[in-house]
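Trainee: Quick note, the sequences are listed as chains L and B, same order.
With my numbering, the residue at position 195 of the first sequence is 198, and numbering never jumps.
With my numbering, the residue at position 286 of the second sequence is 289, and numbering never jumps.
A portion of the hints provided could be inaccurate.
Said to hold, decoys possible - In silico BS3-like pairs for lysine-lysine, Cα to Cα no more than 27 Å straight-line: (1) L/K214 x B/K246; (2) L/K246 x B/K462; (3) L/K174 x L/K214; (4) B/K462 x B/K214; (5) B/K246 x L/K246.
As the list claims (entries may be wrong) - Some chain L residues flagged as far from chain B (calculated, every beta-carbon gap over 10 Å): (6) G223; (7) A232; (8) G244; (9) R428.
What the hints assert, rightly or not - Facing chain L, from chain B, some residues (calculated, C-beta under 8 Å): (10) I40; (11) D70; (12) E72; (13) G126; (14) H128; (15) S160; (16) L210; (17) G213; (18) H313; (19) M347; (20) P363; (21) R367; (22) L481.
Hints are computed from structural coordinates only; laboratory data are not their basis.
For every residue, glycine included, the Cβ atom is placed at its ideal position computed from N, Cα and C.
Protein chains: 2
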Amino acid sequence: MEASTYLQPITRTEQGLDPQDWSELRQLGHRMVDDMIDHLATIAQRPVWQPIPSEVRQRFRTSPPVDGEGAEKAYEDFRRYVLPYAEGNLHPRFWAWVIGAGSGLGMLADMLAAGINPNLGSGDHAPTLVERQVIDWMKQALGFPAESSGLLVTGASMANIIGLAVARHAKAGINVKEDGLFPAPARMMFYGSSETHNSIIKGLQLLGFGKQSFCPIGAGTDFKINIAALQDAISRHKHDGLKPLCVIGNAGTVNTGAVDDLAGLADLCAEHGLWFHVDGAIGAPLAISDSLRPMLRGMERADSLAFDLHKWMQMPYDVGCVLVRDESQHREAFSEAAGYLSRMPRGLCSGERWLSDYGPELSRGFRALKVWMCLKEHGLRKYGELFEQNIEQARYLAGLVESSEELELVARGELNIICLRYRGRVRDEQSLNALNRELLMRLQEQGIAAPSVAILGGKFALRVSICNHRSRSEDFDLFVREALRIGREIEKSAA
Amino acid sequence: MEASTYLQPITRTEQGLDPQDWSELRQLGHRMVDDMIDHLATIAQRPVWQPIPSEVRQRFRTSPPVDGEGAEKAYEDFRRYVLPYAEGNLHPRFWAWVIGAGSGLGMLADMLAAGINPNLGSGDHAPTLVERQVIDWMKQALGFPAESSGLLVTGASMANIIGLAVARHAKAGINVKEDGLFPAPARMMFYGSSETHNSIIKGLQLLGFGKQSFCPIGAGTDFKINIAALQDAISRHKHDGLKPLCVIGNAGTVNTGAVDDLAGLADLCAEHGLWFHVDGAIGAPLAISDSLRPMLRGMERADSLAFDLHKWMQMPYDVGCVLVRDESQHREAFSEAAGYLSRMPRGLCSGERWLSDYGPELSRGFRALKVWMCLKEHGLRKYGELFEQNIEQARYLAGLVESSEELELVARGELNIICLRYRGRVRDEQSLNALNRELLMRLQEQGIAAPSVAILGGKFALRVSICNHRSRSEDFDLFVREALRIGREIEKSAA
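In isolation and in its complexed conformation, chain L is listed as follows (with noise of 0.2 Å):
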């Protein structure tokens, strides 16, 4: 090879993102890695939560940096401005909407796969090889066929929506990957209890369906769908020229955790050719443990499960996962072929199958690591053990409400969700809802304890989700009691 007056030599310095010493780095690390061990070891001694105060939130408020002030500068913003400020949900006394509160080995897989940082969008590597052990691993958990597919997303969200999409895809009765929903003769219709999750919603939006896709079938004071009541929506759908396309059914629904009858669904569904979907974000992982898997009976009849691994499987956000019964509806729901993405028959690019195949995503994080690292830490009895101890933990405190003549148990799910309000001597709806408002915020802000909100039947309630493997009993005792000294407090100011 001779040079040519085309060959134009680099004349730059070149440079890169790596330290010319690492010692500076690698000692950083060492760092982050003691102060985020004493940060979880001694969780239960800070605060759940606290206010950010003004003069850090206006630090969040300066210009993009132009010249760099190097990691240690970086690391030192970390630990005074948001580490403090976090979320909560590590701490016991964190029983806000669903969140698990994380391990200390997830935390450090995931570092082990943004340091080897693969895509697993595309080619042939061991990284795609863990992912597709996970899937199996769940699917032989929950048990789908080993036949069946798979993929690991952020969330519920999106396994809802890959699910509904491949629903669409199989149910729809005409090519909507070619000529999407325009020649659509009727409005196809999806079905779950009134108690489904706003993320089903949101995905219908998402898939182009609108809400007016969604009928909320009436649930029972149990929570749960009625089925008599959803095959006369079907029905009457039917007969006014509608299409019944899929129904949702409920694992753990978000108010109560209230599972629907989930055979009683794949039966209906069975019957009426339609899609069977499980939103199980919360509860499908529950069918780990023998004594509550019968509860779930049904769920492994899905066309396709959506759940969540960062809940209460305690998995660093964000990892959700989606099981597809048909391999072949969910690929060809999603794949789509191009030139720069040719498949050979040997190194990097080889491999039939790749993994964004199976989704809207071409670009795909490591999440699957931590999955796999924190089940062969533990193994999945370890988890059905916690689910237990959760609802019994959900059990117990609503005993300490019920044996309590101030505070009243609003709503009871089978699992670990009680809702609950303080009442004392006042009388008036009203009222009772602005103190429980001003109960819930003082218990955030004083660190105490922190529970959401459920509003049911027009009371406001304090919700308390407990997916938390760090609560313990006294946390219980501690969170009632300093809710009778508030509640008790504010009445008074009141009066």
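Based on these hints, arrange chain B on the given structure of chain L.
Mentor: Using the frame of chain L, we list chain B on its own:
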């Protein structure tokens, strides 16, 4: 509070996922930091990629662990079976697809993020301020107005989906959130050059439009959209009763890195009242560099802009960003109220606008932290210099190819992508394609370099996409030398 008959004490011995004694996990964390820093510091000495031996593949086909084996064992499995068989994108001679190389602090930042483990979908806490600041920085860096909005997502696939969904919300002329696409009087049309990435097609399929709603406009020999042809298509479609809705401009196409005439597209969209979306997955961040910004003129006029941060910005996977000019359109397209997401004036549940109001996901990990910390570490200027360096390296490689009689420069973009093939003395196209396929695989299998595939006008080419901060000029010298050696070898054995 007195005990009542309802109160059941907890009888089981409560447990959690935390160790009794944190010292073992702490030591393991230190070992991981050392191993990963060593791995990064010595990456150039290892093969870019190596095939996974079948006995290693077999390791990923075992049943789920029922009993835990501990953190040490989980790490050992990672070290033995995952780390050596990674995708290869940390290596200086990885140029496959468009994948960044990560960085040391990026890796450590993901540990911190998983350690404090917030859900950025809800609540008032510092991690949400970090994400908002990163979005603000991106707006400023890319010329978007301060009042625009944005969101971090898994990558440009999701960012494109969000941009196109807001386009639909703003321009469909029907209430898509409520009614979906069913009442649409006419097919809605999206336009982009024939070089548009398939994530746009996949996005339109997900959104219920179907592939027929994408009208590919011929690209010229410069691979840029032909604006006259676009104008014609829009007029023809209007005449035919279709509804033109959105034009997609490319800021760096996947095949050749071509940048459309974005100012021309912005003018055309303004004239026709169309939404202007820019897919800047690869190229948008180039606006950081003063010398490259002019090439992207008009991008700052987009209604929505999608780009990646794990590609040329070198952040660990996965993180991309969408910016939307009209904050209220963006929020309206995605927000959906629910009792359990009620906002309070104070405390954890405060904050009028949550990040989950701007996208389909309620669960959102702390992917902002690595971006925030790496930008603080290096400053924007450094990234701009690295873009310029990669573009100069692509020019250098093109020169190397052109100065060899045995190689052919199949395509050369303005930016960082070079498509080439070995020719030797082979003259028929079929043999050339077979030879270059084999060449690509051997380069990968021998761990020398990792280009990927481009098929351009029927020619199988090695696609070298340089967005790697570790590549140096000698890496391109070595690549060309070895491509020639292996090419001659294959040519000889076929003769």
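Trainee: Test the statement that L/G223 is away from the interface with chain B: the closest C-beta pair must be farther apart than 10 Å.
Mentor: L/G223 clear of chain B: closest Cβ-Cβ about 18 Å, beyond 10 Å.
Trainee: Measuring from the C-beta of B/D70 to each C-beta in chain L, is the shortest one below 8 Å?
Mentor: holds (4 Å)
Trainee: With chain L as the partner, please determine if B/P363 meets the hint condition of a C-beta pair closer than 8 Å.
Mentor: holds (5 Å)
Trainee: Between L/K214 and B/K246, does the CA-CA distance stay at or below 27 Å?
Mentor: It holds: about 23 Å lies between the C-alpha atoms, which stays within 27 Å.
Trainee: For the hint on B/H128, just tell me whether its beta-carbon gets within less than 8 Å of chain L.
Mentor: B/H128 check passes; min Cβ-Cβ to chain L is 4 Å, inside 8 Å.
Trainee: Given B/L210 as an interface hint, is the shortest Cβ-Cβ distance to chain L below 8 Å?
Mentor: holds (6 Å)
Trainee: Quick check on the hint: B/H313 CB to chain L CB, less than 8 Å?
Mentor: This interface hint holds because 6 Å falls under the 8 Å limit.
Trainee: Have a go at the B/R367 hint: is there a Cβ in chain L nearer than 8 Å to its own Cβ?
Mentor: Since the shortest Cβ distance to chain L is 6 Å, the answer is holds.
Trainee: Is the shortest C-beta separation between B/I40 and chain L less than 8 Å?
Mentor: holds (5 Å)
Trainee: Does the nearest C-beta of chain L fall within a distance shorter than 8 Å of the C-beta of B/S160?
Mentor: Holds, because the Cβ-Cβ distance from B/S160 to chain L comes to roughly 5 Å (cut-off 8 Å).
Trainee: CA of L/K174 to CA of L/K214, is that 27 Å or under?
Mentor: This hinted pair holds, its Cα atoms lying about 19 Å apart.
Trainee: Any CB of chain L closer than 8 Å to the CB of B/G213?
Mentor: Holds. Min distance 3 Å.
Hints 2 and 22 from the list above are not met by this structure, while the remaining hints are.
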